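There are 2 protein chains.
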Amino acid sequence: MADAAVRSHKPATSRRTPAGGAPTAAHTAAEASDPRIDIDAVTNLLLGTWGETRREAREMIKDPAFWRIEGMPMAEHRERVLTQLHLLVQHGGSRRAFPAEYGGLENNGSNIAGFQELVLADPSLQIKSGVQWGLFGSAVHQLGTKEHHDKWLPGIIDMSIPGAFAMTETGHGSDVAAIGTTATYDPATEEFVIHTPFRGAWKDYLGNAALHGKAATVFAQLITGGVNYGVHCFFVPLRDDDGVFLPGIGGEDDGVKGGLNGIDNGRLHFDHVRVPRRNLLNRYGDVAADGSYTSDIPSPGRRFFTMLGALVQGRVSLDGAATTASALALHIALTYAGQRRQFDSGSGSDEVVLLDYGKHQRRLLPLLAQNYAQFFAHDELLRKFDGVFSGRTDTSEEREDLETLAAALKPLSTWNAMDTIQEAREACGGSGFLAENRLVGLHQDLDVYVTFEGDNNVLLQLVGKRLLSDFAKQFKGADAAALARYAVGHTAGRVFHGAGLRQLGQSVADFGSTARSVELGLRAEQQHELLAGRVEQMVSDVAGALRPASKLSPAEAAALFNSHQAELIEAARAHAELLQWEAFSDGVNTIADDDTKQVLTWLRDLFGLHLIEKHLAWYLINGRLSAQRAASVSRYIDRLAARLRPHAQDLVDAYGFAPEHVRAPIASGAERARQDEAREYYRALAASGEAPVSEKSLKKK
Amino acid sequence: MADAAVRSHKPATSRRTPAGGAPTAAHTAAEASDPRIDIDAVTNLLLGTWGETRREAREMIKDPAFWRIEGMPMAEHRERVLTQLHLLVQHGGSRRAFPAEYGGLENNGSNIAGFQELVLADPSLQIKSGVQWGLFGSAVHQLGTKEHHDKWLPGIIDMSIPGAFAMTETGHGSDVAAIGTTATYDPATEEFVIHTPFRGAWKDYLGNAALHGKAATVFAQLITGGVNYGVHCFFVPLRDDDGVFLPGIGGEDDGVKGGLNGIDNGRLHFDHVRVPRRNLLNRYGDVAADGSYTSDIPSPGRRFFTMLGALVQGRVSLDGAATTASALALHIALTYAGQRRQFDSGSGSDEVVLLDYGKHQRRLLPLLAQNYAQFFAHDELLRKFDGVFSGRTDTSEEREDLETLAAALKPLSTWNAMDTIQEAREACGGSGFLAENRLVGLHQDLDVYVTFEGDNNVLLQLVGKRLLSDFAKQFKGADAAALARYAVGHTAGRVFHGAGLRQLGQSVADFGSTARSVELGLRAEQQHELLAGRVEQMVSDVAGALRPASKLSPAEAAALFNSHQAELIEAARAHAELLQWEAFSDGVNTIADDDTKQVLTWLRDLFGLHLIEKHLAWYLINGRLSAQRAASVSRYIDRLAARLRPHAQDLVDAYGFAPEHVRAPIASGAERARQDEAREYYRALAASGEAPVSEKSLKKK
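Line by line, the protein sequences are chains A and B. Residues 25 to 725 (this note's numbering) make up the first sequence, in order. Residues 25 to 725 (this note's numbering) make up the second sequence, in order.
The reader is advised that the hints may include incorrect statements.
Note that identical chains are pooled: a pair holds if it fits in a single copy or bridges any two copies.
[Claimed, not checked] Result set (DSS-like, lysine-lysine): computed pairs, CA atoms no more than 25 Å apart in a straight line:
id, residue 1, residue 2
1, Lys489, Lys720
2, Lys170, Lys238
3, Lys575, Lys497
4, Lys575, Lys720
5, Lys175, Lys238
6, Lys621, Lys175
7, Lys621, Lys238
8, Lys489, Lys408
9, Lys497, Lys238
No wet-lab data here; the hints were simulated from the structure. Treat the numbers as computed from the prediction; the structure is a model and nothing was measured.
Full structure from sequences and hints, please.
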């Protein structure tokens, strides 16, 4: 019985009107004599399974040498971040994922956890590290074999071989299978000829390509004996020791970007560049000296996805980094909101602290709840990743689950980062627009996370297709009659929902006070039922709509699918939201301390209700909430926000950021000092008897 | 009978599956043999009342000297924009609003229209111009009198006196009335002593303050004879001819910002700085040599708001500039979406053009509709502004309406700009993140528009209060019994709605095909009824909830208000959306050409339905839409989007941007050329007989 609504003994409103002044609520849990979270325990919970590595990384980046300097011109910023990568090597930060024989720690989860924290220092550092060790290094490690490891991993780990990950082309981003670059085997010289046949096939947006890359892992269509075996990866040297392109290689600088300008993104093209046959990273497919092709994975499609799947860590990393960056933004905005005052309350008392405004609570606290959910969901993702890549749970099912989970969570956390950082920046007004307060820089740098390592919409569509295929498995072997029965039952269900019969029952039960109906109908189990029921029905609705496709021409089937594309993406989003909610709930259930559990249960409820409110129209249309209960959702959110208000500072303190991580003057206490100084000035002026009287008071006389 | 649903003879689906290939739809209106808009006529319509000035301004900024250079370091960018301001003076661009005796044109509407177009060249140029002539110059012009005009306007117009508008302080942004700077009259020397009493009272975020400002219009509490007469504005010299601060004046640079880095924002503080008595800009309040205060406006509150209201043009400008910037983003993203191909359709045909994807249409076309609405609404706002400031319609009612309209429209258009530019950037993938394609720069520069010149939430709250007071006027003089009857009737209405009785009737009518029910229930009149009904009910709900306030203590009343703050802001937003919709509809009704009117009616419908979809839960909870009809809203939007898809390029071409305004390589035709080159390569390869066969086809043999 840990549920929020049941355990709250004090009505929230009593806390909104403390003695003497309103709308100033209690500002801390202590003031509110509320349950209070154990901040350190929550920090441990949020840091998760690899908390120790995260603490190490955070300790390391207290060194200002790792910090982003606002306004630094691009060229300098690029050199600074390059230097930081070398510094990272010195700190042993580059080797965690790699095999022990090359000095590595073979700890995949720890590796990702450590890298993510770099986002607090400078997102350019995080992403350039990701390019070097997570993409370029990982391609050699995961797609290559012993020979490649021996030859290149040491130099990759110690940064003597900075490299680019040359997959994306100007003409093909999300659709990797369709890239134009070719690698044609020439048995006469036992070489592959890497070639760019047209402008659209230039490799593009590659970190390390414009300046620093000495080599690249180049993805190209492998052609041997007149057959195209699909996309494979090749190790291709790019520049000599003076940094000059090797013969046949050319490129261009991508120039200034919206953010991440510490990374030298650029373009590459190849004019019949020859590399030895053995430069094919041949773990999943090989070409013999005579040109014959072999692979352990006979299906070209499965082979392609296996190779891509080996590189899933990019998405895993972004999910965590986006979550941590959002946490930083919330830490800044909520700390400021707890100190900044603006407008008196109209009751003649002091000016009101921003976070006491109903609207301000509404803007920020649901985002805080969402961010907590992401921490728990991310730790689950990271454990699954570690299980697969450590070999402990390396089955094809687990791999597929991991890829689907990463494809589900990365879009949500990166989009949420955009929304959260933007809301935080707006909630800080003009000071939020100053680079020194970091919010604008975070938005600029994180922006591209939503479209790289898989465009978010494309990823969600992948998840949607997986949901559809899981759904179809339920009916495997079912005959036409069974399907027809299902369809009828399904439709009947909708009509039943839609016509309001179920609503009517709910309306009657709701006819008491709103508070009571809320507590009856929106507890944890009901939140889960609503969220899970929505996923099930959305998937089954899309599946139903697509069922005729099997009888259509490919063109007609494609058109039918296209007309339901947006719905499928929404179903995938609903699925990912459910996963976040479940992870949050599982996390809360592990908490032993009652007070901490209570507050985090309120926060989990706020997240659940926030999701339900977002999709309220769906619940109403589908008869899953009555109008009365739906109306109560928003009021319940208001009450939860007011209840959580005194805990806001504790909850952002629990992120465990040190001043060296925050570095935003407005979240440093300077704002409180200014407010105090101003209030003291007016107090002393009034006491001196020399304060001017107001014109208004004059007129009253 | 110009309604979309009625006049469309071809079902939208027929256009989604043209002969041979799907999901490729017709790409142009000509291909679709659809009605086609008269592009030039629509351009005229969008450019609005001051189209001629807009064309002049656009012609002027074809000169690259006015363009933003991406990645330019802050210091250089600031000098460049300063130079551009001088260039603007040479082109006669700075004098439109000012009196004829100083070389001005006394054309307020034209002035704003011309300035807004500068956003296409560089938003820093637009805003720095706004600081110089729209804020600093306007303060002298609107708050000063002949003596001030004679002395300073010529130098302001010709930029020999660059100036700052020193209103906002670090401690007080939105709450201007509470600023801390004092201007105390000293009758002994006939001077005002301008003073900053504490750190929070430093003037902050002021353009022209860090470097270029030679003077400032400083807002301060006017104190004379021991009485504080509230905030007034003073002309204060800042720097000598060498750019060195005058005695008693100090300041700081705000440093790098999230955008607008071509403007030298900074802070100012004053240590007992003495200015002559006559430096008080005394149009609305004056101090005689002996220190006695006089004003034509006896109420301190009304006087304060009159002074602020004289500066409304900032908000008017931002509404238009945000609309034009969003149009540019849509032009870029939709042009790219019409050329870029990604993924084949699964039917073996060509790769699919982005804009043929259902999701892509859904992402961009409702934003296009919204942007069109903003153009029409902005022209109305600008005409109202011109009427008041020209003196033609300068009544206190018109002034109040103008201020409310500006406070309603500016928040929506500036927030919409953020959402639209971000969606456009994401819709262009990696290329959208490159600065050369301008979307990231627009987002960075426009970001602060949502919190400056009045924080959007604060402005909407003002609008909400105005709506409440208008609502209350209906009951002026009504006795308690009448109010009670109203309250009862009102509650009954909600129960009637909520219990589903009205829904039931609608459900029966809806029991035919979705298409039919849509056409029955979502035409123009119904859109209007839904949008207007929502505003009315929301306002009346908030008013009802706040009614007990009059019987409460000030503190309790403030708490009650605070608990409904978010709802009041939502009501104001609903009101502004309605105004935009009505302006769009009025605009469409002026169109003579049938085809143009047809397409713009579809677009207006898309806007209306987009708004209704956004608030669908509200319509359901309040019984204004049945579940069936609500479900049809999204499907109708899909159909409208598909219907408008062939017109997308025409509709963005109608913005009338020249290549010198767009300047984004991805919207230049380069993408189409790349796609064509790639397709030609594969065609030729296939024709040569030398194309490698796919491994898959090999396995099939």
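Results of checking the hints against the structure:
1. For the identical chains of this complex, Lys489 and Lys720 are inter-copy neighbours only, at 22 Å across copies versus 68 Å inside a copy, given an alpha-carbon limit of 25 Å.
2. Only within a single protomer do Lys170 and Lys238 lie at most 25 Å apart by alpha-carbon distance; the minimum there is 21 Å, versus 70 Å between protomers.
3. For a Cα distance limit of 25 Å, the shortest separation of Lys575 from Lys497 inside one copy, 19 Å, qualifies, whereas the shortest one across copies, 64 Å, does not.
4. With identical chains, the CA atoms of Lys575 and Lys720 are at most 25 Å apart between copies only, with a shortest distance of 24 Å across copies and 80 Å within one.
5. When the C-alpha separation of Lys175 and Lys238 is checked against a cutoff of 25 Å, the pair qualifies only within one copy, where the shortest distance is 14 Å, while the shortest distance between copies is 65 Å.
6. Proximity of Lys621 to Lys175 under the C-alpha cut-off of 25 Å is found in neither arrangement, the shortest distances being 52 Å within a copy and 68 Å between copies.
7. In this assembly of identical chains, the alpha carbons of Lys621 and Lys238 never lie at most 25 Å apart, being 52 Å within a copy and 59 Å across copies at closest.
8. Proximity of Lys489 to Lys408 under the C-alpha cut-off of 25 Å is restricted to the intra-copy arrangement: shortest distance 21 Å within a copy versus 53 Å between copies.
9. Within a single copy, Lys497 and Lys238 get their C-alpha atoms no closer than 48 Å, and across copies no closer than 75 Å, so neither meets the 25 Å cut-off.
The structure fails hints 6, 7 and 9 (numbered hints given earlier, in ascending order).
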